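Model the placement of chain V on the given structure of chain B, informed by the hints.
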Amino acid sequence: MLNGITIIEGLILILMASLFVLIFVVQFRRRLRHRFWLLGLFFPLVRYRLFMDVRRSLRLEYRDILVDGRVRGWTNVQLRLPRNVFTWLWNPELLVKGPVFEFANYLTRYSGSKTPPDSKVQLAVDVLGKFILQQSGSADSVGREWRVVLAEAARESTLFQSKRLRTGGSK
Amino acid sequence: MTDLVTGPDSCIRLTCCLVAIAVLHESLGYLAIIRQFRPDGIYAWELVKRHGYRMRVTKYLPSGWEHLAGVSGMVLFHLTRILAAALLVLEHLPLRAGSLWLLVALGVLQHNRTFFLNGSEVFLRVTIIFLALAHSVPGSVLLREAGLWFVAGNLVLSYAGNGWAKFADSSWRRGEVLQRMARDPVFGCDAVNRVTGSNLLLVRSLSVTTLVLQCLFPLSLVTGIEGCLVFVSWALVFHALNAALFGLATFLVALPVGFPALCFVAHRIQLLNAGG
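Listed in order, the protein sequences are those of chains B and V.
Counting from 1, position 36 in the first sequence corresponds to residue 36 in my numbering; the numbering is continuous, with no gaps.
Counting from 1, position 103 in the second sequence corresponds to residue 103 in my numbering; the numbering is continuous, with no gaps.
One chain only, chain B, in its complex shape (with noise of 0.2 angstroms):
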């Protein structure tokens, strides 16, 4: 059976077969154990110094100035996202995450109501709605003058937009 496997091939396949046993024991060794649950019993700051990712050092300094006047390198750096046209190759939700919800928000927002909104005002009106019918539910005095305030604001947008519908839209 093994007459058509050379010595190389042999070592290499048992290489292969080591890995992969050594893979599948990492596996599910790497669940089971706590992570340097040894080391941290007997050095217990270990672990507070390896996952701590600011770690201040006790030279004075206040806000990245050290008393002396040297301003401390790499420091206060303001970092952007990489703006290039491939962005969506390696981060591909920010396609999802932007235009495509803010769409979906948008459709999802009016599927209750038959009409359609047409203008800001509308989408105003209806957010103050919604705002007064969650204040109407509570009783005390701070709740019933929001009320009263959001309902003549309402009642202001509402005529805004009628002055403006029978204007057909012009200033």
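In short, the hints are calculated from the structure, not lab data.
Values in this document were obtained by computation on a predicted structure and should not be read as measured data.
Some hints here could point you the wrong way.
[As the list claims (entries may be wrong)] Beyond 10 angstroms from chain B on every Cβ pair, some chain V residues (computed):
(1) D9
(2) S10
(3) L14
(4) L83
(5) L143
(6) S170
(7) L216
(8) V230
(9) L245
(10) N273
[To be verified] Quick partial rundown of chain B residues pointing at chain V, CB under 7 angstroms, derived from the structure:
(11) I8
(12) E9
(13) I12
(14) L13
(15) F20
(16) V25
[Stated by the list, open to error] One-sided excerpt, in silico: chain V residues whose CB lies under 7 angstroms from chain B:
(17) G98
(18) S136
(19) V137
(20) G139
(21) S140
(22) F150
(23) G153
(24) L241
(25) A243
(26) A244
(27) A249
(28) G275
The beta carbon of each residue, even a glycine, is placed where N, CA and C say it ideally should be.
Below, chain V alone, put in the same frame as chain B:
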């Protein structure tokens, strides 16, 4: 089309091409965000994510070769990787073997770095090691076939292992993990959070689907090439959704590297069953 994955030589070449794409994706990604590295080469992405792109680093403990090489060394490193990936597409076997061993060496260099490699990166490196071993004797078809079997085994193990680990976790069974993920400031977003927060049935069904298909992924080896294609298409949809919703883009590129090998092995097992 099926000949591409049923023949060992064509299948291993296809796998090499996919490895090249994955390596290109990874290395070009690093070059694209090179501004997010400190001048001494320390990767600051974790801090960037945590501090919402407005961060202040006071002191950072360097541990890895990046500290010695600096940013210019990193650029050189990734350009070498890109060159090796480009050579991987060629049909010339010794050249392909050489570029695979170069990628193995670079992977060993990169393993001791500041941050741990994620699942897709580990999978890609292990696959590259298997492929390099499979190419080490140029005339041996047996080794290339064995390499494909091991790559497929590694793929199945990576899905099933994660599936079984998730199955042991009660929060995965209840479907809370997806909601937690959607609430996460890094991975989640408001819109996904709103959908998952209100729709418990959807969340539970997604969780259960993920659990079932990951746990049962070894079945893709014994259900023939048709069953294998079902599992492969599910995995593609799964990774595409993860990439689009949670930004886990590397998995979408790295894990499909093993799919041709999986189809090859499934086809072989189907033939063995038909013959036996």
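Q. Any CB of chain B closer than 7 angstroms to the CB of G98/V?
A. 16 angstroms, violated
Q: Evaluate the condition: distance from the CB of V230/V to the nearest CB of chain B exceeds 10 angstroms.
A: Its Cβ never comes within 10 angstroms of chain B, the nearest being 24 angstroms, so this holds.
Q: Decide, holds or violated, for the assertion that all CB atoms of chain B are farther than 10 angstroms from the CB of L245/V.
A: Not fine: 6 angstroms to the nearest Cβ puts L245/V too close to chain B.
Q. Measuring from the C-beta of L13/B to each C-beta in chain V, is the shortest one below 7 angstroms?
A. 6 angstroms, holds
Q.
Tell me if the interface restraint on I12/B is satisfied: Cβ within less than 7 angstroms of some Cβ in chain V.
A. 5 angstroms, holds
(Q) If I take the minimum Cβ distance from L83/V to any residue of chain B, is it greater than 10 angstroms? (A) L83/V clear of chain B: closest Cβ-Cβ about 19 angstroms, beyond 10 angstroms.
Q.
If we take the beta carbon of L143/V, is the closest beta carbon in chain B still more than 10 angstroms away?
A. 6 angstroms, violated
Q: Test the statement that L14/V is away from the interface with chain B: the closest C-beta pair must be farther apart than 10 angstroms.
A: 20 angstroms, holds
Q | Exclusion check [D9/V not at the chain B interface, CB over 10 angstroms] | A | 17 angstroms, holds
Q: Determine whether the non-interface label on L216/V survives the test: each CB of chain B must be over 10 angstroms from its CB.
A: L216/V clear of chain B: closest Cβ-Cβ about 17 angstroms, beyond 10 angstroms.
Q) Was the hint right that G153/V lines chain B, CB cutoff 7 angstroms? A) This interface hint holds because 6 angstroms falls under the 7 angstroms limit.
(Q) A closest beta-carbon separation below 7 angstroms is what the hint needs, so does A243/V meet it against chain B? (A) 5 angstroms, holds
Checked against the numbered hints given earlier, the structure breaks hints 5, 9, 16, 17, 20, 24 and 28 and satisfies all the rest.
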